[in-house]
Amino acid sequence: MFDEVIVPISSDLDIVAARQNARSMAAKLGFAPIDQTLIATAISELARNIVRYAQHGEILLKVIEAKNSSRGGLMVVARDEGPGILNTQQALEDGYSTSGSLGLGLPGAKRLMDEFEISSAVGKGTTVTVKKWLKSL
Amino acid sequence: MEVPILKQGEVLIATIQAALTDNDLRTFRSALLDHVVRSRSRGIVIDVTALDVLDSFGTRTLSEIALMTRLRGAETIIVGVQPEVAFAMVQLGLTLEGVTTALDLEEGLAYLNRKAKNLRS
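Chains A and B, in that order, give the protein sequences. The opening position of the first sequence corresponds to residue 1 in the numbering used here, with each subsequent residue numbered one higher. The opening position of the second sequence corresponds to residue 1001 in the numbering used here, with each subsequent residue numbered one higher.
Hints may contain errors.
What the hints assert, rightly or not - Covered stretches of chain A, going by a simulated chain B footprint (3 or more residues, C-beta under 8 Å):
1. 12 to 18
2. 101 to 107
Claimed, not checked - Label-pair distances were calculated between CB atoms; the ranges are:
3. B:Gln1017 x A:Ala27: 36 to 44 Å
4. A:Thr98 x B:Arg1114: 28 to 36 Å
5. A:Ser10 x B:Lys1115: 17 to 25 Å
6. A:Thr88 x B:Asp1104: 18 to 26 Å
7. B:Asp1034 x A:Ser69: 16 to 24 Å
8. A:Ser119 x B:Arg1114: 30 to 38 Å
9. B:Glu1010 x A:Gln90: 24 to 32 Å
10. B:Asp1104 x A:Gly123: 44 to 52 Å
11. A:Leu86 x B:Lys1115: 28 to 36 Å
12. A:Ala121 x B:Leu1103: 45 to 53 Å
13. B:Arg1026 x A:Lys67: 21 to 29 Å
14. A:Glu81 x B:Arg1040: 31 to 39 Å
15. B:Arg1026 x A:Glu81: 24 to 32 Å
Claimed, not checked - Not close to chain B: a few residues of chain A, all C-beta gaps over 10 Å, as computed:
16. Phe2
17. Asp3
18. Ile34
19. Thr41
20. Ser44
21. Leu112
22. Phe116
23. Glu117
Read the hints as simulated data drawn from the structure, not as lab findings. Because the structure is a prediction, the values reported are computed rather than measured. C-beta: ideal position from N, C-alpha, C; glycine also.
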């Protein structure tokens, strides 16, 4: 199994590819079906943001391990070199959208995952990093 | 990936069979609306059992279909939302508000039949 997969994102077909890749990776890692669905849904939102705002970018899926335990997880990095986000705080509010969408993508992805980080610079692009940890038994 | 639309009396049954891209969803929306007009349907059942993800765009498109067909006097019922998908939708903040849902195709059709009977009596 690969610990790292990069899915290039440039059309709505790639959105489906990204979430299918993530689901199969999450399944192999031992995530429960419900978590696989949460991860796939979050990725769908992040990938759509890339297509909608930046036209192209990539999604990196990476197997990770917690620093002070052997707990495994999946990290997803959605990167683009698009227009960037002026106010990331605002972009994380439910219902805020500059494209007429529902405005649930970023705040929703944050709720679906365990960890969420965003960095963005206007004119340079946006990177969203999210993580989901395997529940300890 | 095209979504087959079957006509059964006054009801249209659309069964989504695999993951759909945003474009597939838009095509499906137009095809379904077109079909509703042509066949003067009273009800539409959309079976989403095969969908493993319903994100904001997918949910929004289904809501739009329901609202648009309602203006034509037809009711849309979404059936077969998987439990994991329902969980993820709620976490995401999606509610499918104003859209009727049912457990499966059978219950969706039963609901529409009951409604048609009430209208006639």
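query: Given a hinted range of 44 to 52 Å, is it respected by the beta-carbon distance of B:Asp1104 and A:Gly123?
result: holds (50 Å)
task: Evaluate the condition: distance from the CB of A:Leu112 to the nearest CB of chain B exceeds 10 Å.
output: violated (5 Å)
- prompt: Taking the minimum C-beta separation from A:Ser44 to chain B, is that value above 10 Å?
  reply: Non-interface label fails for A:Ser44: nearest chain B Cβ at 4 Å, not farther than 10 Å.
query: Are three or more residues of the region 101 to 107 of chain A within 8 Å, CB to CB, of chain B?
result: Holds: 5 residues of the region 101 to 107 of chain A have a Cβ under 8 Å from chain B.
Range hint compliance [Cβ, B:Asp1034 to A:Ser69, 16 to 24 Å]: violated (56 Å)
task: Could you check the hint for me, namely that A:Glu81 and B:Arg1040 are 31 to 39 Å apart, CB to CB?
output: Between A:Glu81 and B:Arg1040, where Cβ atoms are some 50 Å apart, the hint is violated.
message: Please check whether B:Arg1026 and A:Lys67 have a Cβ separation lying inside 21 to 29 Å.
response: Given about 44 Å between the Cβ atoms, the range is violated.
message: Between the region 12 to 18 of chain A and chain B, are there enough contacts, at least three residues with CB-CB distance under 8 Å, for the coverage claim to hold?
response: Coverage by chain B holds for the region 12 to 18 of chain A (4 residues, Cβ < 8 Å).
task: Using the Cβ atoms, figure out if A:Ser119 sits within 30 to 38 Å of B:Arg1114.
output: violated (54 Å)
Nearest-CB test (10 Å) between chain B and A:Ile34: Answer for A:Ile34: violated, closest chain B Cβ roughly 5 Å.
- prompt: Taking the beta carbons of A:Leu86 and B:Lys1115, is their distance inside 28 to 36 Å?
  reply: violated (48 Å)
- prompt: Taking the minimum C-beta separation from A:Thr41 to chain B, is that value above 10 Å?
  reply: Nearest chain B Cβ is 4 Å from A:Thr41, so the label is violated.
Checked against the numbered hints above, the structure violates hints 3, 4, 5, 6, 7, 8, 9, 11, 13, 14, 18, 19, 20, 21; every other hint is satisfied.
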